[in-house]
Structures are given as C-alpha cells and as structure tokens.
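Asker: Spelled out from the first residue to the last, the chains are:
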Amino acid sequence: MESPSVSDRFLSRRRLLQLSGLSSLGLVLGGCASSMYEDIAFKTFEPLNQKVEELLLNPQKLIPNFPVSAIEPNALLINSFQGTPKIDPQAYLLKVNGDVNHSFALSLADLQKMPSTSMVIRHVCVEGWAAIVQWAGVPLRDLIALAKPKEGVKYVYFKSADGYYESWDLASSMHPQTLMVYQKNGLPLVPENGAPLRLASPVKLGYKQSKWVTEITLTNQLYPMKGYWEDQGYEWFGGL
Amino acid sequence: MTSSPAPAKRSKAPPVPHQTILSKVFHWVNIVSLLMMITSGLQIYNANPVFGGRGGWHFPPLVTLGGWLGGGRHWHFAAMWFFALNLLWYGLYIFVSRRWKRRFASEADLKVLQTGSNPKRKAYAWHRVLYTAVIPILLLAIVTGLGMYKPAQFHWIVDLFGSWQALRVVHFISVPTVIIFSLVHSFMALKVGGTKLVNSMFW
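Heads up: the protein sequence lines correspond to chains W and V, in order.
Under the working numbering, think of the first position of the first sequence as 1348, with each following residue one higher.
Under the working numbering, think of the first position of the second sequence as 439, with each following residue one higher.
So here's chain V without its partners, still in its complex pose (with noise of 0.2 Å):
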C-alpha cells in the first residue's frame, strides 16, 4: 500500500498508519525467522518429547521442519542468528531513535485501561501491551534455548530455571505462547486500525 497525500476534500479521513522502513524488516525477519524457530523446534522436540518422554506425544510431520532430529537442529541452529540478531538490531534502534516511549505500552496505555472510559482508546491500549509484553517472552526463549544449547558454559542459566526439565518446559512454552500471541495481536490490529494498519506493518 502506498501513502499518497489525501486529497483535499477527504482531508477529514484518518491519517494512513505509516510504519519506517526498519519496522517493517524487523516484523518480516521475526515472523519468519520464528516460524522456522518453532517447526525446526518441534522437529528437536520428537527426538524426545518434554511431556513423557520417548512415549509422549509427537508432533506430525506437517508442523515440523528439518525431517529428523540433526536436521531439525540444523536449521534450528541456523534460524538462531536470524532471531536473536534482529531481536538485538532492533532492541538497539528502537532505544536509539526513542521510539519504545512512543510506540510501545506506556504508563499512559496502563491508565486507559484501569480508568478510560473511551472503548476505542482502550482497546488500543490493550494493543501495544499486548505487543510489548511479548518481547520479554522472546528474550526468555533465547536464554532458556541458550541454557540447553551451552549448559555447562551457561550452568547459571539452568540453575536459574531449577532443573533441565524445568528449562525445557519454559523453552517449550514459549511455542504456544507466540501462537496465541500471533492469533491475539492480528486481531487486536484489525480491531484498532483494520486492513489499513496491518498493511501499514507489512507493506
């Protein structure tokens, strides 16, 4: 979609949500990169389900990715830098150029939502908590993946979580929790700002 300037006589009309160039990369390379993070995972995870073992559940060959456990890792191990890296580049640009006060949940959002009385302004406060608060989730992924992949260089990383088990569990988690999350956040952006906004990320 592009943002022409509006014509005069629609100049009541909201203005076109417009994202920066660099917005619209870092959205591309996590959808992506987290999608071959979670497949290539699931396909690690059938070597040995964290819920029951050799005899727990396993994952169809439709959600996986890489054919058998050493492909799996392969790409897992692959994807990795494409995650983290992004996750990094943008964590840094967003503090650089100020936006995480402009364009992420803010105190302000957190007041809407205990005291607004604007439907509207609250569902958009709902939004940009939503999307800020999966950020963290990311980062648990990357350290509790960081603590299996290098558990003796990073033994403080599994001591943190307790256990091997528990380390595996919250790694598993964060599977569900972005897939709800991916369901939630594109229905929150249609509700808040229709068609217009969620192009506006991608395009």
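Chain W on its own, in the form it takes in the complex (with noise of 0.2 Å):
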C-alpha cells in the first residue's frame, strides 16, 4: 500500500479507459472532414504553447481575490463524466504516497484541522463560462512539504473516487492559492462540487481541478495517462 510503482496503479484501468475514451473520441471525431487535420494542429503547435504556458505561469504570484459580494452562486455549472460517487465522509482518507520519503493518509478530520486558505476566484471552464467562487481548504504545498519529496519529482498525480484522474506539473500544485478544498462560498462542500475533497485552483481550468480526490501520487515523470479529458484530445497544462 505504501510506495507500489505509480505505473501498476494507473496501468490497472487503463485497458478500460483506453476503449471508453477511443470509443468516445470516434463519435465526436467521426463525424466531421474538418477535425482531420486538427491533430497536426495539435501535435505541431502545443510544445510551443506549453512552453508559453509555463513561462506566463508565476508560481509565486498570488492571484488577486473577488470581494465576497462578487460571488457568483448559480454560475458554477457542475460537470461530472459519470456522475456523483457515493462517499461516506466518516470513512473518507485521503492517500498522499509515490516519489516521497513519508507516505500517509489524513482523514477529513485530520486535514480540517490543518491551517487553511479561503480565496475568491474565477473558476473558469474549458468550454467557456466561468464563476467566481470561494474555497476553503488544505494548500497543496503544505501536503506535499509534509510527504518529503524525493529529489527529481516534477509531478503531482489526482486519483478520484469516480475514477477520474489528472496530473498536474509542480509549479502549479505548489502554487499557494492551489487547494485541496472541503468549503465552497462559507458552506460545507457539496457531494455534487466534489465532497469530501476536491482540487481547486486560480491557475488552472476547471477540468485539471478533479473532484473526489482520494490520492495524490508524486513523481518525476508524467505517464502515458495524463488526464481522463488529456488523454481524449484536450491540452495537458491547462494554464489560467
């Protein structure tokens, strides 16, 4: 359970979500002369805007917060690939584990007693609409200082209860506004944002910020699974 290889844990599903994610990008793809070519696109321009992503992206920066007043409740649509797991908060345990020196595993109640961070930010999604919200939780940076890194990690893996997972480079994880966060606009997280605990950051579009997260695996290479939306087409960084 400690420190199994980061690579048997995600190769575990991929056979699966290999044929769910080829079987759903051939019907969105299928249809259309025009996404032919959309690929090269992709493949000869994303070095150049990655690298364009991570120099625009300040890790240090705090990016400026909303007033209170400026909360936007009914903007945040809720987005799920399949919809609401079942989750007994009591139960809940968060795994922090990979390319560490100090594997653990916090409660609910265990990380609701670490310091916390609330911020008002602008949630913006991949297809266009955003929300100002505010989030209430763990900075990630705190969990990964207490995980001891290893020397070489450069990535932070998100496994969720629903089975989505993402990746993340550590600049952005290590940014001080990015949380792991169990409040939302001065209310416990709902089941339906992501309840017990969820991702949430400025600096990152909404599908890089998974909900339900039960593991955070570090390590110094980003494997083939990158992230459920990722490994169908969208872009890896996600940068805001």
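It is worth saying that the hints were derived from the structure and are not from the lab.
This one's a predicted model, so the numbers in the text were calculated from it and none came from an experiment.
Some hints here could point you the wrong way.
[Claimed, not checked] Far from chain V by the CB rule (all over 12 Å, computed), these chain W residues:
(1) Lys1390
(2) Lys1408
(3) Gly1430
(4) Pro1436
(5) His1449
(6) Asp1457
(7) Leu1458
(8) Asp1516
(9) Gln1568
[To be verified] Straight line, CA to CA, 35 Å or less: simulated DSBU-like cross-link-like pairs of lysine-lysine:
(10) W:Lys1460 <-> V:Lys462
(11) W:Lys1390 <-> V:Lys588
(12) V:Lys462 <-> W:Lys1398
(13) V:Lys588 <-> W:Lys1408
(14) W:Lys1460 <-> W:Lys1408
(15) V:Lys588 <-> W:Lys1501
(16) V:Lys462 <-> W:Lys1390
(17) W:Lys1497 <-> V:Lys588
(18) V:Lys588 <-> W:Lys1573
(19) V:Lys588 <-> W:Lys1495
(20) W:Lys1573 <-> W:Lys1497
(21) V:Lys588 <-> W:Lys1442
(22) W:Lys1398 <-> V:Lys558
(23) V:Lys588 <-> W:Lys1506
Backbone N, C-alpha and C fix where the C-beta goes; we use that ideal spot for every residue, glycine too.
Using the hints, build the complex out of the two chains.
Answerer: See below:
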C-alpha cells in the first residue's frame, strides 16, 4: 500500500479507459472532415503553447481575490464524466504517496485541523463559462511538504473516487492558491461539487480541478495516462 | 497580374496600382489566419454559446473548424500565432517604412470626408478610413482573446472589460465585425480601384 509503483496503479485501469476513451472520441470526431488535421495542428503547436504557458505561470504570484459580494452562486455549473460517487465522509481517507519519503493518509477531520486558506477566485471552464467562487481548504503545497518529496519529483497525480484522474506540473501544484478544498461559498462542500475533498486553483482550467480526490501521488515523470480529458485530446497544461 | 511598363501610346491610362510583396504576404496571411480563427472560434463558441449558455443557439458545422471543442481549441491556439505575429511584423514594417503615413487614413482623408466635393476622392477616403479602422478591431480581438486564454495571469484585462461575460461578448463581436468589414472592404476596393486594385493586393 505504501509505495507501489505508480505505473502499476495507473495501468490497472488503462485498458478500460482506453476503450471508453477511444469509442467516445470516435463518436465525437467521426462526423466531421474538418477535424482530420486538428491532430496535426495540436501536435505541432502544443509544445510551443505549453512552453509559453509555463513561462507565463508565476508560481509565487498571488492571483487577486474578488470581494465576497462578487461570488456568483449560480454560475458554477456541475460537470462530471459519470455522475456523483457515493462517499462516506466518516470513512474517507486522503492518501499521499509516490516518490516521497513519508507516505501518509489523512481523514477529513485531520485535514480540517490543518491551517486552512480561503480564496474568492474565478473558476474558468474549458467550455467558455466562468464563475466567481469562494473555496477554503488546505494548501496542496503543505501536504506535499508533509510528504517530503524525493529529489527529482516533477509531477503530481490525482486519483478520484469516480475513476477520474489528473496530473499537474509541480510548479502549479505548489502555487499558494492551489488548495484541497472542503468548503464552497462559506458552506461545507456538497457531493456534486466534489465533497469531501476536491482540487481548486485559479491557475488551471476546470477540468484540471479534480473532484472527490482520494489519492495524491508525486512522480518524477509523466505517464502515458495524463488525465481523463487530456487522454481524449485536451491540452495537458491547461494553465490560466 | 504583371505590371509591365505601359506602351507609349497608352501613357494616358491611369497607373497600374502596385503593392509591395510584404503587403501582399500580410494580406494573404491575415485572410487565411482570420478565417481559421473565426471558424475554430465558432466551434469553441458552440461548447457554451456566449448568448444563452448551453441552451443558446449553436453554429452549424458548415462554419466551424475542428469538429469538437478540443479540435476547435487546437486550431484556434495554432492559428493565433500566425494571426498575431503577422499583425506584429506588419505593424513594425509600416512603422519603420513610414507607410502608415502614406498608405493609411490621414488627416487629409478626414478633411475630404468633411468638406470634399469630389465623389471619387471621397470614396477613396472612406476606403482608407475603413481599412485603417479595422486594425484596432483586430488588436482588440487579440487583447480580449488573451484575457480569456490566461485570465489569471492577465486578470487586469478581464477587469478592464468589467466582467467575464463582457469580455466574451467583445471577443465574439469581432466575428460579425470582421465579416461585415470584409464585405464592405471588398466592395469599396472594387468601387475605388476596380479589379486592377483588387488584383494588385493579391497577386
């Protein structure tokens, strides 16, 4: 349990996800000839775009908070790829592991005892809509620091209770406003928004902000499975 | 069209309009990249229409590029380099060569529009004012696009427009504006200089 190789745990679901990913991608892409060269455009320009995104990200710069009065409670739409998983908050555990010197697991009560950060930020969806939301929770960088990452750690993987998975660059993960949150708009997070614990950050697109996170794994490399939507063609960095 | 020297007996014919190769390159890259920006932009629009959200009206596949949201984004964020850098080098070029003084709308054109009596000169002034005015509109499309692409790093751009929805509306408005401009601009070019002028801009 403590530190099985990361590739094993991500390979275990690979077959299923490949099949579901490919079939749905085929449905989406199949209908239109204009999408034929889309892949070429992506492969040619994504490395450049990602470089620019990495350069634009200032890992220390705080994104200005909005006033509480600016919160848009109804603007945050609910997206998930297969409904809302049932999680017992009492039995819930967040595991932190990977290339670290200290793997650990925390209950929701443990997490809520840690110093928390609150922010009112704009949540931006890849679809084009945005919502100003208040989130509160534990800075991810505090959890990473507790795990004492080994030399060479560059990426952070997030595994969710519903099978969703994501991976982030370390710089964005260490951003002071990248939080593992359990509160939204002043109230306890509800299951539809990712309770008991979800990722929230002003520096990444919505699909990077996993809900129902159960496991955080630090790695020194990016695996072929980068994220649920990335594996279907969305860009990996997804920076804002 | 080649611009061979006119024979002596036709020396009274108006001069064949001449454009530099750089202007033609700019014009071509601008047209093609804008077409890709607009069609891929409408594909992105369809994921969550600016007007009406998910329940809003969607553009038909005939005018969209990419086939799905990811594909639209890939085209949009590839073509943006051609579109923006093309404007950048051309801006430097007309600035350094001082073409902006001769080839774009000037005070003289504005004066003609106010007090001129020669309809041909007036039409020419309108033509120059129109293609000059589209440049700030194209720059506005870039600024609003950058604000939506990186709203955290460029939060001041979003603030400048007041709200996310306002930013989306201004970015989207560049589409009908550019389409209407293209139609009127083509019409004016034909009216002012005929096919000779139009051809000179392309070949």
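Asker: Now, for every hint given, state plainly whether the structure supports it.
Answerer: Hint check results:
1. Lys1390: 9 Å, violated
2. Lys1408: The claim breaks: lysine 1408 of chain W does not keep its Cβ more than 12 Å from every Cβ of chain V (closest is about 8 Å).
3. Gly1430: For glycine 1430 of chain W, whose nearest Cβ neighbour in chain V is about 18 Å away, the distance exceeds 12 Å, so it holds.
4. Pro1436: 30 Å, holds
5. His1449: 31 Å, holds
6. Asp1457: 30 Å, holds
7. Leu1458: 25 Å, holds
8. Asp1516: Nearest chain V Cβ is 15 Å from aspartate 1516 of chain W, so the label holds.
9. Gln1568: At about 24 Å from chain V, glutamine 1568 of chain W clears the 12 Å cut-off, so the statement holds.
10. W:Lys1460 <-> V:Lys462: Answer violated: lysine 1460 of chain W to lysine 462 of chain V is near 66 Å, above 35 Å.
11. W:Lys1390 <-> V:Lys588: Judged against 35 Å, a Cα distance of about 21 Å means the pair holds.
12. V:Lys462 <-> W:Lys1398: 31 Å, holds
13. V:Lys588 <-> W:Lys1408: Distance of about 14 Å is within 35 Å: holds.
14. W:Lys1460 <-> W:Lys1408: It holds: about 26 Å lies between the C-alpha atoms, which stays within 35 Å.
15. V:Lys588 <-> W:Lys1501: 23 Å, holds
16. V:Lys462 <-> W:Lys1390: 29 Å, holds
17. W:Lys1497 <-> V:Lys588: Holds. Lysine 1497 of chain W to lysine 588 of chain V sits at ~31 Å (cutoff 35 Å).
18. V:Lys588 <-> W:Lys1573: Given pair lysine 588 of chain V, lysine 1573 of chain W holds - Cα atoms ~21 Å apart, limit 35 Å.
19. V:Lys588 <-> W:Lys1495: 31 Å, holds
20. W:Lys1573 <-> W:Lys1497: It holds: about 21 Å lies between the C-alpha atoms, which stays within 35 Å.
21. V:Lys588 <-> W:Lys1442: 32 Å, holds
22. W:Lys1398 <-> V:Lys558: Roughly 51 Å between the alpha carbons, so the hint for lysine 1398 of chain W and lysine 558 of chain V is violated.
23. V:Lys588 <-> W:Lys1506: Since the Cα atoms of lysine 588 of chain V and lysine 1506 of chain W sit roughly 26 Å apart, the hinted pair holds (cutoff 35 Å).
Checked against the numbered hints above, the structure breaks hints 1, 2, 10 and 22 and satisfies the rest.
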